[in-house]
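Chemist: One letter stands for each residue in the lines below.
Protein chains: 2
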Amino acid sequence: MIDRIARYMESVEQYPVRSQVTPGDIIARLPEHPPAQGQPWDAITADIDPIIMPGITHWQSPNFFAYFSANTSSPSILGELLSAGLGVQGMLWATSPACTELETRILDWLIEMLDLSDHFKSTTDGGGVIQDTASSATLVAMLIARERATHWKSNRIGIDRTFTAYTSTQAHSSVEKAAMVAGIGRDNIRFIDVDERFAMKPDALSQAIKHDRLADRTPFFICATLGTTSSHAMDPLRPIGEIAQREGLFLHVDAAEAGSALICPEFRHLAAGLEYADSFCFNPHKHMLTNFDCDVHFVRDRAALIRTLSVMPEYLKNEQTLKGSVFDYRDWHIPLGRRFRALKLWFVIRHYGVEGLQTYIREHMRLAQQFESWVNDDGRFELCAPRPLNLICFRLKASNEANEQLMDCLNASGDLFLTHTKLHDRFVLRMAIGATATQERHVTRAWQRITDEADRLEHRHRPTE
Amino acid sequence: MIDRIARYMESVEQYPVRSQVTPGDIIARLPEHPPAQGQPWDAITADIDPIIMPGITHWQSPNFFAYFSANTSSPSILGELLSAGLGVQGMLWATSPACTELETRILDWLIEMLDLSDHFKSTTDGGGVIQDTASSATLVAMLIARERATHWKSNRIGIDRTFTAYTSTQAHSSVEKAAMVAGIGRDNIRFIDVDERFAMKPDALSQAIKHDRLADRTPFFICATLGTTSSHAMDPLRPIGEIAQREGLFLHVDAAEAGSALICPEFRHLAAGLEYADSFCFNPHKHMLTNFDCDVHFVRDRAALIRTLSVMPEYLKNEQTLKGSVFDYRDWHIPLGRRFRALKLWFVIRHYGVEGLQTYIREHMRLAQQFESWVNDDGRFELCAPRPLNLICFRLKASNEANEQLMDCLNASGDLFLTHTKLHDRFVLRMAIGATATQERHVTRAWQRITDEADRLEHRHRPTE
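The listed protein sequences derive, respectively, from chains D and R.
The first sequence runs 3 to 467 under my numbering.
The second sequence runs 3 to 467 under my numbering.
Bound conformation, chain D alone (with noise of 0.2 angstroms):
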């Protein structure tokens, strides 16, 4: 099996990018009932390449422009293997010490490594977590923050009156999602107006609330975002955590895709401002060679998150739980069990060093900053949004279908996976630069392609003389 993993990786740009199957093409090659009897191993694999692999979209492969990245490494699949081998389960400090004290110390590097604001270390009032995926953190930090608006007691008694949540049109929507799980309600975000670089807002932000206040609701809590999903904009940290502070509202930060980025010392100024966060996420799943899943969540305020998640039944009490020494992760988020997440990150981290993460991130910065120079240099595209990162959106001057009909054909032909989202309801590509095998030949290779199809399309639509 790691002999065909290593063979996969070696290979896997010449997988057609996004699988080519139709609703159904796999789910027919499957037996609709489970064998009795055990069947041999070589039986069993030999089925992966047959019935797996045509439905594969590979996320691996250095042509996978698509959503944003899930990039991995070798370390981390080992690490990941390890996991699995061990096969423990850390939801409690005894329930496996190793799970919980390796988790703790690796979250206070990353805080070092993105040069984070002391107050979210383990050794302060502070701490970090894994998280499955950054909607499970935006889930949290609104609970933690429903939770100090009515003075820890929804929880006990049910949420009896108009909370509000403040957030930007751009923003992910697992805030919306957060919401209808925690009972807000999805009527009670609201929706913030962004600049003309699609970053919130602030003076709309504070109108927001004020409104809100003389409506007599209780507004909570802010979600701000370091790289939206849409077109990666920056909302500005340091005069939305003025008005959080001031308004006495609980400030989460979102930085999902982007905060590998702070890994680099020349990108933190995008995050000024961020030492008025209450809580703020990252996945290293993303953009950090780790693989999915692995969100990093910080909190300023670790018992605030505790009392908020946490039930004590009687089957789990425990020596050192009941002295209160240790860290019990289970009270950090939604489920009880947990991996042992901590060791792919602590074998990434070691295996390429502060360096060598920063050195592979600026490659790609370097990457993209290239494909938006060609974008800008050819009359017949145009870019849609700043770039402050690893994501370029831009779109031919052109109709939205002729657009979606350029992706449409790229994505078919196997060469290039790339997707789209609407900016001032225009049909915007996004080329967003982050697979682990990424390289320079790659990125070229993609915005051939792409004029390519461009030319193809001009012709097709132009009239015959």
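By construction, these hints were calculated from the structure, which means they are not laboratory data.
Partial pick of chain R residues on the chain D-facing surface, computed with a CB cut under 8 angstroms:
1) Q41
2) I46
3) Q62
4) L80
5) L88
6) V90
7) L141
8) G160
9) T164
10) N190
11) T231
12) H353
Computed cross-link-like contacts, DSS-like style, restricted to lysine-lysine with a CA-CA straight-line distance of at most 27 angstroms:
13) D:K424 <-> D:K399
14) D:K325 <-> D:K123
15) R:K123 <-> R:K325
16) D:K399 <-> R:K319
17) D:K424 <-> D:K203
18) R:K155 <-> D:K212
19) R:K212 <-> D:K155
20) R:K319 <-> R:K155
21) R:K155 <-> D:K155
22) R:K203 <-> R:K424
23) R:K155 <-> R:K212
24) R:K325 <-> D:K424
25) D:K155 <-> D:K325
26) R:K325 <-> R:K155
27) D:K319 <-> D:K155
28) R:K424 <-> R:K399
29) R:K424 <-> D:K325
30) D:K155 <-> D:K212
31) D:K319 <-> R:K399
32) D:K319 <-> R:K424
33) R:K319 <-> D:K424
From the three backbone atoms N, C-alpha and C, an ideal C-beta is built for every residue, glycine too.
Could you slot chain R onto chain D? The hints should help.
Modeler: Chain R alone, transformed into the frame defined by chain D:
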């Protein structure tokens, strides 16, 4: 790494089961700062034995009888490895069709394997999805119930009245946690009294619902348990289901540990009435040789589930989703991203076959029966709850302190690991037989160690003559 894991699985019996370190021991062995430069792989792996292993509580040891097992197997570990190696992210059908379609098919297999109602099948209005843990399944079930009870308005406007949920005093702490997260409120869960078998009393449930209706509250959700964590009690699903149906309440059945036993026809009588359930979950990661995390969650009405959790931003739109012709599992749970977890189930079910899994489960039941008979035959001990499956609750006929001391001595020895619960305010030892490697000799030795330690305790407490 594969060799290391193979060696570990062969030698796991030799480690002290419960980690012997004290808080801070592991963290003290880890550098305070991350390395600037990358380190050689040999140096990294050389740290596993001295730093990590002393802090491992060996869940895979055949002498692990604590909590419930989190058992694993080679095919499952290789499935996890392949999932990490492919590095796909299955949030949408389109982001890797095989990740979705294999999961759909395997979960339909499981319905057949457990002889569950057809209404959970993907070919009807139902369907199954892999969640990380039963805690998440319970939360998702409660959210569907909440939305149904508010005619899908609480997502929109927040929760403006008092909803009440029902579960037994013996239910898992995740029910309470779900009510906290979902904004229902801790005080709005009714913990229904249990009978002498620690199973929910249907009459008491009926009364509690009536009482809440009279007080103008809105009963909306029942969580019944097949195999409580504390004592493996089986709530009577048929009368509970009849009440749920009569009262129009949503019924979730949590069979986290015990569900795997339903693969054997002789245990299915325990689940009589399961056909009333709107939602059902169990954890192959507990007793079906599949490594953590893997909770399987079925619902009767998948449209209701999707309606509860779906948010559709532009950047996730794609042809198949818009056509409604595929499952996008991101809408079936809290996180957006998801690993390819169906691979490990596929490998496990094919490697063992249904009959192989039955044989494996039956052997643990036989060992549990044997252990129970030994307790029964030893006048110093007593059984404290019925034993429907593989958990034995027992105690010394002595003070709570003596029983706690007995457990602490056993666990400190490293020879085996047991945990406790309280039943009728009495400290009770739990012997859960479920680790993959556990054979008759381990259970025999465990009983030997327990009786030896009991002898020693008795001796120590005997007044000197």
